[in-house]
Amino acid sequence: MTRRTTLGLTYGTVVVLATLLSSLAHAAPSTTKVWISGTTLKLRDASTGGPSDLDFRNCMVVKLKRDEGRAYIAECFGTVIAGPGCTAGSITENVSAGNPEDLWLPNEEDYGAVCETAGVKRIDINSGPGDDVVGVLLSHVPVKIVGGEGADNLEYESLVPGGMAIPYFSTANINGGLGADYLIGGRGDDRISGGSGRDWIDGACGSDRLSGGTGTDSFVTQEALWGDGDCPPAVDLVNCGDASGSVLADPTDILLRCD
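Sequential numbering from 2 applies to the sequence shown in the working numbering.
Certain hints may be false.
Derived pair list, reagent style DMTMM-like, types lysine to aspartate or glutamate, alpha-carbon separation capped at 25 Å [said to hold, decoys possible]:
(1) K43 to D103
(2) K145 to E109
(3) K145 to E117
(4) K145 to E94
(5) K43 to D68
(6) K122 to E109
(7) K145 to D111
(8) K145 to E69
(9) K122 to E69
(10) K122 to D68
(11) K145 to D190
Restraint ranges, calculated between C-beta atoms of paired labels, are given here [stated by the list, open to error]:
(12) T49 to G70: 26 to 34 Å
(13) G70 to L249: 35 to 43 Å
(14) D260 to E117: 47 to 55 Å
(15) S38 to A98: 39 to 47 Å
(16) S97 to A244: 46 to 54 Å
(17) R258 to G120: 40 to 48 Å
(18) L257 to D111: 37 to 45 Å
Calculated from the structure, these hints are not laboratory results. Ideal placement from N, C-alpha and C gives every residue a C-beta, glycine not left out.
My request is simple: use the sequences and hints to build the entire structure.
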């Protein structure tokens, strides 16, 4: 079974995007701020508006390319503000070198900023309040994603079907925060926490640590369900949290507080 993808984002992402887009007609444009602080590439929700959550819904997309030394940033629902180390504008991804990273979902989004990433050692993303979508398409450094309040879709994309070459990958630390979230890891050894709310959590490949927090959550830890069946076996640790939930696990996985 291969991962279901459409335009580089998973099926779950597409469903959430469709739901959000149907309600954005009455929302103020979303704004994402990106900058480099020391050795960290940071993205934050910089939206303003009224009390409605619609004013704070973001769709942040990051593609960090090691060989090129650049990160491409998109805000699907609005604009990107560029801080230190970054430049805003209508950006076309440079794929002229023909490296494997250039062939990995090239120009997947309408990028609104580019950052020079020599010396960057981690990505830190906080999408803030609202029902957000965050997709990290490629990264060779550890990724941290915090969703905040709202029903979020947070994913580290390092798996796609069709035999596409994987240039490199890293680990992800994902926290859904408040709300019912859809949280997906990648090929590395990820740590994913759902926080409060009814969450769907899937570690994908790697030896992952998954925690549900409060709420009735669903977990998937079977490596064979991902990629092109090329994920090696791994032992995952699942803590179902304060409420019973469903777990689709391998026999070697460790389950805690799961009914």
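Hint check results:
1. Of the supplied pair hints, the one linking K43 and D103 holds, its CA atoms being roughly 23 Å apart against a limit of 25 Å.
2. With a CA separation close to 21 Å, the supplied pair K145 and E109 stays within the 25 Å bound.
3. Proximity of K145 to E117 is assessed by CA-CA distance (about 19 Å); at most 25 Å being required, the pair is judged to hold.
4. Our distance criterion of 25 Å between C-alpha atoms is met by K145 and E94, whose separation comes to about 23 Å.
5. Taking the CA atoms of K43 and D68, the gap is near 20 Å; set against the 25 Å cutoff, the hint holds.
6. Proximity of K122 to E109 is assessed by CA-CA distance (about 24 Å); at most 25 Å being required, the pair is judged to hold.
7. Simply put, K145 and D111 have alpha-carbon atoms about 23 Å apart, close enough for the 25 Å limit, and the pair holds.
8. Taken as a hint, the K145 and E69 pair is honoured in the structure, with Cα atoms around 22 Å apart against an allowance of 25 Å.
9. Distance restraint check for K122 and E69: the Cα-Cα separation of roughly 15 Å lies within the 25 Å cut-off, and the hinted pair is therefore satisfied.
10. For the suggested pair K122 and D68, the alpha carbons sit about 14 Å apart, so the restraint of at most 25 Å is met.
11. For the hint pairing K145 with D190, the CA-to-CA distance comes to about 13 Å; that is within 25 Å, so the pair holds.
12. Between T49 and G70 the beta carbons are some 32 Å apart, a value that agrees with the proposed interval 26 to 34 Å.
13. Between G70 and L249 the beta carbons are some 39 Å apart, a value that agrees with the proposed interval 35 to 43 Å.
14. Take D260 and E117: their Cβ atoms lie about 50 Å apart, and the range 47 to 55 Å holds.
15. Between S38 and A98 the C-beta distance comes to about 28 Å, which lies outside the given range of 39 to 47 Å.
16. With their beta carbons about 51 Å apart, S97 and A244 fall inside the hinted range of 46 to 54 Å.
17. Taking 40 to 48 Å as the suggested C-beta distance range, the pair R258 and G120 conforms, at roughly 41 Å.
18. As the Cβ distance of L257 to D111 is approximately 43 Å, the hint placing it in 37 to 45 Å holds.
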